[in-house]
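Asks: If you want the building blocks of each chain, they are given just below.
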Amino acid sequence: MSTSTDLGVPGLRSGTESVPTLDPDAPAQTGKEFTSDQEVRWCPGCGDYAVLKAVQSFLPGLGLRRENIVFVSGIGCSSRFPYYLDTYGMHSIHGRAPSIATGIATAREDLNVWVVTGDGDALSIGGNHLIHALRRNVNMTILLFNNRIYGLTKGQYSPTSEAGKITKSTPMGSLDHPFNPVSLALGAEASFVARTIDSDRKHLTAVLAAAAAHRGTSLVEIYQNCPIFNDGAFDAIKDRDTKENALIPLVHGQPVTYGVPDADGNPTKGVIRDPSTGGVKAVDLADLHGDHGDHQAALDQLIVHDAHNPDPSVAFAISRLTDSGYLNTSPIGIFRQVERPTYDDQARAQISSSMDAAPGTPTDRLSTLINGTDTWTVV
Amino acid sequence: MSKQVKQLDRVIIRFAGDSGDGMQLTGDRFTSESAVFGNDLMTLPNFPAEIRAPAGTMAGVSSFQVHFADHDILTAGDAPDVLVAMNPAALRANLADLPKGATVIVDTHDFTKRNLEKAGYTANPLDSLGDAAPGHPMADFNVHTVDLTGMTVEAVKEYGLSRKDAARAKNMFALGLLSWMYGRPTEGTEAFLSKRFAKVPDIRDANITAFKTGWNFGETTEAFAVQYEIKPAEMTAGTYRNITGNLALSYGLVAAGVQSGLPVFLGSYPITPASDILHELSKHKSFGVTTLQAEDEIAGVGAAIGASFAGSLGVTTTSGPGIALKSEAIGLAVMTELPLLVIDVQRGGPSTGLPTKTEQADLLQAMFGRNGEAPVPIVAPQSPGDCFTAAIEAARIAVTYRTPVMLLSDGYLANGSEPWKIPDVADLPVIDPAFATTTNHGDGDDAEFWPYLRDEDTLARPWAIPGTAGLEHRIGGLEKGEGHGNISYDPANHDFMVRTRAAKVARIADSLPPLEVDDPSGEAKVLVLGWGSTYGPIGAACRRVRRAGYHVAQTHLRHLNPFPKDLAEILARYDKVMVPEMNLGQLALLLRGTYLVDAVGFNQVNGMPIKAADLAEAVGTLVAEAEGIDLDPAVFSHPTTAPADHEEAPR
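Sequence order for the protein chains is G and A.
Take 1 as the starting number for the first sequence in my numbering and just add one per residue.
Take 1 as the starting number for the second sequence in my numbering and just add one per residue.
Next up, chain G with everything else stripped away, as it sits in the complex:
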């Protein structure tokens, strides 16, 4: 499947604008330079390998100085990620990576900050930090590896597992209703929300590029297969025979269509507004063709995806097309990408304007500060 990702109107500032770049005449960086000397220790067949490879080959293309890139992770299988990249990195504690990354990104404008997290790390123990990072819009990219299971603790259900899941901790089936990470992020008013798949290198890379270019918090959900504890969770959207009817690719400015093409090569399914619910629904285009089988007339009735819509309602409605049970249907692509001032830019602006306005040396000003206005002198 081919998907192009439209970045829309360029933002006022790109996500990497203040990060130092390589000298123009320096040799191009390679994926190898971004690969650390540590042995990668995920299970054979783990989706994490594909994402790592994609990131390692994607990063050099940013043209940023490697020493100005920082990867921060929490706890879980995916959180080993920073060890395998030869950048600065911190493998922190469970759920807290967004808060640590917030400190890094706010303290240093010249760093390109990434968070690597999983469904348990980001949505369970670290749920609070995730929504507040999205709310603040700190300039960083969060890669949320969603395998819908707890892997490192050996197979308990996660906050994205389908209800009724039989696991070690839920022998009669899990009782919790799962989170939809994209819906959650949109609800937190994230300025960039996307979803992609570990096994689709091209789509994954395009989404990473858009996320890195976005100034603000970019949330990228990556469907990632765990071959040990949740194998096949994404078969329906990956399998050659089923994926065309399962994946709803979102392309900015295009009608939302999918489905096995008809004889003319036209898509057979699409997404329309549903006045009965106020949301959206997937339909067979044949049902919209009317008496004359007019394909264009059908397309005209579909939602045209607008990732830059300031109102997140439609993006949210589209995100609800994701199955909460076994994944038979899922939209992928960039749900939302809007310009909003970032927390860190504004925090630094407050500081720099205060520093610019302050007279004298820091030492002189410190002396003035601690003396205050009400002093008396004993001789």
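Treat the hints with care, as some may be off.
To be verified - Short derived list, chain A residues pointing at chain G, Cβ under 10 Å: (1) S32; (2) A35; (3) M235; (4) T236; (5) L292; (6) A299; (7) E328; (8) W420; (9) A469.
Simulated from the structure, these hints should not be mistaken for lab results.
Ideal placement from N, C-alpha and C gives every residue a C-beta, glycine not left out.
Add chain A to chain G, keeping to what the hints say.
Replies: Frame of chain G; chain A shown alone:
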């Protein structure tokens, strides 16, 4: 009429009223006047956790105690000589603390049936004061009943305020009256009111008028026949200001940033009694200070750790419950060996406990409250002004040794104030971040950066910040291999690293000055050893014991982990060691475990500072035991008459 002027060497005044009566402001202003006048002083604000508890109830009483003197004093005083009570609840809540002969000034305006009932009075304690017989609740006191509210409303009539707004100026009337009684300078308060209410001229004028009318009332009424004079105290030459612990601590953090050249980054979540540090630091962006009000305690410390990794001086401020939440992250800072200041303004616990009251019961949490062997250096200030120096010292240790440092203040230090001799910035220590800039292992093409290759003297690891080319590295919570810092599950390596992290913290003792032991006669058999805010009460208690003719030595710990190197030898010098603490014996436990010393505890956990008289009695009893003499501990006990005599003056 001319009034009698009486000399006193010290006075303790307590202002008490409803939470909304402005007692903290009144106390603050009286304190500022006294500071500018040149008295030595200490203050003790005491207020409920509720912002506005039901008006007129005991739960809503807020008070502010100020102790001022013509000599150096160490505490806010055990028992007030003067109580200003703005309503029945304020009277009832504070009466038990007064010694015989204390002066009570009561605003009679609110002594209505309804308010008396709210305070739990079945009869008006102000009835039949004239012939108060023994057993009358006010029999032991010198009572002045004044309709402060009524007189205030009358005085400010011309400004056309509502009755409610007019009555609100009554605290300034009371302040004016007390300012007259003790000959306080008034210019500061007038200037303060002009500035504070600049935008509401009628309120400003009403307050200034109430203040002046209160003063004039004292001067003209026959009810107050005596004016008191407390001469300025002799203090070391220098420039002074009045300062609270939270303010001094904030300034210390700003200073640590200036002295290290590191931008200060505070990640914090609001919590009593630490929030004022967040408020204060948020004003100092011109020093490059970033303050992030995080979504929770964990995010506060997380952001600070991130900022430290990125080359800032990461700071997080909180109280005991917040430390509990931050524990795992502090462990991460121990493992990653990043500089981090963790400031715990202790309050009554456990759990939510007593948010606005003081306690020292987080020492063992600071020491051991993490999983695994996770040593954290601990520094404690001993007085409000000392919070400044302690903050810089904590930063020195954090940066030099690449470690989180716990700074243990408490509610008494945070909100209490004292005159502070302002240091010369040129004399402040310089802190060198000494960032790593080059590879440190191997040569030529094999040259690498090893993030856990340590300095031989300090055992500190190199601090290489992002943006430094060629020094890219990964750190994290998993055990690190010695030197190279890669993940290591090797048993021998773990044992080595656990011991190395402990040794690094122990190594800090090499940089500490010797303890100062105050043993004037050199003949003491008893040592009183304390830490933190008990410094004042311990000093005052020791003075009392010495004044009664007995020998006692005192020393105070700024560093609780590691202990100073000479502590073992000092402890061994004395027959008995007493450890007064506002907990059930946490330092005593550490001393017993570390030095096998049979430390005797003096423990009080009532949310209030230890009273010097109580402690003096306990110290005196121990001294008598150690010296084999009979001694009547009553010689140290509370004064029975007010104003108190020269009991706290050094000999």
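Asks: Run every hint past the structure and note whether it holds.
Replies: Now for the hints, and whether the structure bears them out:
This hint holds: S32 (chain A) has a C-beta 6 Å from the nearest C-beta of chain G, less than the 10 Å allowed. A distance limit of 10 Å between C-beta atoms decides the matter here; for A35 (chain A) the minimum to chain G is near 7 Å, and the interface restraint holds. Against a cut-off of 10 Å between C-beta atoms, the interface hint on M235 (chain A) holds, since the closest Cβ of chain G lies about 5 Å away. A least Cβ separation of about 7 Å between T236 (chain A) and chain G falls short of the 10 Å threshold, and the interface hint therefore holds.
Checking L292 (chain A) against chain G: minimum C-beta separation of about 6 Å stays under 10 Å; hint holds. Checking A299 (chain A) against chain G by beta carbon gives a least distance of about 4 Å; that is within 10 Å, so the hint holds. Here the hint on E328 (chain A) is kept, as its CB sits about 5 Å from the closest CB of chain G, short of 10 Å. The interface hint given for W420 (chain A) holds, since its Cβ lies 9 Å from the closest Cβ of chain G, which is under the 10 Å cut-off.
Given the 10 Å rule on beta carbons, the hint for A469 (chain A) holds: about 5 Å separates it from the nearest Cβ of chain G.
Of the hints listed earlier, there is not a single one the structure fails to meet.
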